[in-house]
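Engineer: Quick note, the sequences are listed as chains A and B, same order.
Numbering-wise, the working numbering puts 8 at position 8 of the first sequence, and it's gapless, one number per residue.
Numbering-wise, the working numbering puts 1069 at position 69 of the second sequence, and it's gapless, one number per residue.
What the hints contain is simulated information worked out from the structure, not anything from laboratory work.
Glycine included, every Cβ here is placed at the ideal spot set by N, Cα and C.
Accuracy of the hints is not assured; some may be wrong.
Unchecked claim - Across the chosen pairs, the derived CB separations fall in these ranges:
| hint | chain 1 | residue 1 | chain 2 | residue 2 | range |
| --- | --- | --- | --- | --- | --- |
| 1 | B | G1135 | A | P122 | 48 to 56 Å |
| 2 | A | A92 | B | R1204 | 28 to 36 Å |
| 3 | B | W1275 | A | H87 | 29 to 37 Å |
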Amino acid sequence: MSLESQLLQYLISGLTLGSIYAVIAIGLVVTFNITGIFNLALGEFVTIGALAAISLYAAGLPLIVAFVLAVIVAAVLGALMERTAIHPARNANATILTLVIITIGVGIAMRGASLLIWGTHPYTLPPFSAHAPFTVGGATVIPQSFWVLGLGVVCVAVLFAFFEFTYLGKAVRACVMNRTAARLVGVNPNRLSLAAFTVTGALGALAGIFITPITFATFDMGFMLGLKGFVAAILGGVTNVPGAIIGGFLLGILEAFGVGLIGSGLKDAVAMLVMIVVLLVRPSGILGSLHREM
Amino acid sequence: MKHRNLIFFLVVLACFLALPLVIKSGYFLGILVIVGLYSIVAIGLGLLLGYAGQVSFGQAAFYGVGAYTAAILSGTYGWPPLLALAAAPVIPAAVAAVIGRPILKLRAHYLVLGTLGFGILVYILLKEAVGLTGGPSGYTGIPYFRAGGLVLNSDVQFYYLIWCLVALTLLGAWNLVNSRIGRALRALHGSELAAQTAGIDTARLKLKVFILSAFLAGLAGGLYAFYITFVSPSPFDFHASILFVLMVVVGGASTVWGPVLGAFVVVGLGEFLRWAVPLVLPKAGGEFEIIFFGAILVLVLLFRPEGLLGHRRGGRLESKVQKEAPQPCSR
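Okay, chain A solo, but in the shape it has when bound (with noise of 0.2 Å):
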């Protein structure tokens, strides 16, 4: 394999987990918009997406029911997170750095409970389209890297669509100008936040069930897969959404070229050392100060 070759599929691979990366980041990103935390647990809805569409699919479902319900039991768990853990412990005036570390708990627990119930076994997928693997460039393209892409186009085009031309978009967006002020002219932050959390666990959902198929599925894949979403997000700079998506796209392209041209152990290594950096030396991210909001 040529030189332009090999670099051009350490691309196209850090393309697809960018994909991955900024799907991800996306969701955090509105969270963090609407309710002020990380939330820190987001990972482990990868997980269960995957796990669940894998289980759902070998008991018999159709490919496409499968994905939905799994993304509903993704939805649903988030959405009870926000219920039973987050809003009581805002109702108690916890403090930032407490809502984290209960995500953080809610994130464990929930990964031992995939261990439960699916074991340590890797579980996977078959590729959404049957076609054989073709080249490009001396680069090899597998057709579930089309499809992860083209997730992460759609993402960006529906959340687009719904900040700009719908009303809770909007209110979204208030909320993250100003929440006192959002809250005098009648947002409630609190059904948003409800939203957020649902939101963040399907995006969650998507991204695990896209995955499966490349990288096979297991109950700790999701905390690895969130921790370098929020990478991907601070990369960006947090609070913006199109900072998330470049952040991912970046950090897949800086993964996939480090794995390749230092070696599969230290892959890791690479999205935890770009975060401190950046965490360190611009904390509003890369983007930061160009874009102040959505």
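Since the structure of chain A is already known, use the hints to place chain B on it.
Structural biologist: Coordinates of chain B only, in the frame set by chain A:
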């Protein structure tokens, strides 16, 4: 008050001295040794979380660096064990001193993510630096701990050594929080701005407590290496860091004793669950007990945020000033 505390301390000390006379089982003594090691880490983290109001989700990294420092210096370089053990807390403290100032500038979420990322990074390095650490399969060849002519290789000996160190750490921490620095820390916890106004160099103070917590974690790590005489990266992953926070939160971060109680609860519960759950679910494998730890962490934070030993004193982990405006009552 001070008097009562002292008497309580002496009674507890006597109980601990007598315990190995009653408990002959190596399994239980082993658990008590581990509880002691975790207590040392948790006391340090308790000072950071409960007094300085900062959190670290990377404490297992310091614990691991301490363990590997002791292992490599005594195993690869043939340092006398006592010297290697003395170096074990120094290296993590030095690491904390380097990363502390920038990382402690981060607040709430970012501090959680920054320390979590640091912990994972160190874990990966321990796993990947195969030439130095032996990689994922672990590091063997740690000599028995010896000081002078005395060789420590039994559970009972380690029990006494480690719990003596726990007692010393407790006394030290107790002295610290009742000193001028302790009052400064409480002021910092109450309101960083007010503390600064009163002339406290809050950044420096936070850094010092962070370094102290890393020092204690490294000390526990060094002791762990000599106790087990084998180290592998897996006990130092982010799960361990979360467990340390759990110990502190469950026991009560604002008391010196709390983290020790938390270590007992977490280790005891873990052992109990590993015994009890397979009786109900024979297929259960892996670290399923985290499901309960996660739930306990959430429940304690929701219903008893001051921990088991804490007294209700308003905002626990962070100053009230930094809190968001209260929620509306509209529904």
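Engineer: Would you mind marking each hint as holding or not holding in the structure?
Structural biologist: Verification of the hints:
no.	hint	verdict
1	B:G1135 to A:P122: 48 to 56 Å	violated, 22 Å
2	A:A92 to B:R1204: 28 to 36 Å	holds, 33 Å
3	B:W1275 to A:H87: 29 to 37 Å	holds, 35 Å
Violated hints amount to a single one, hint 1; each of the other numbered hints is respected by the structure.
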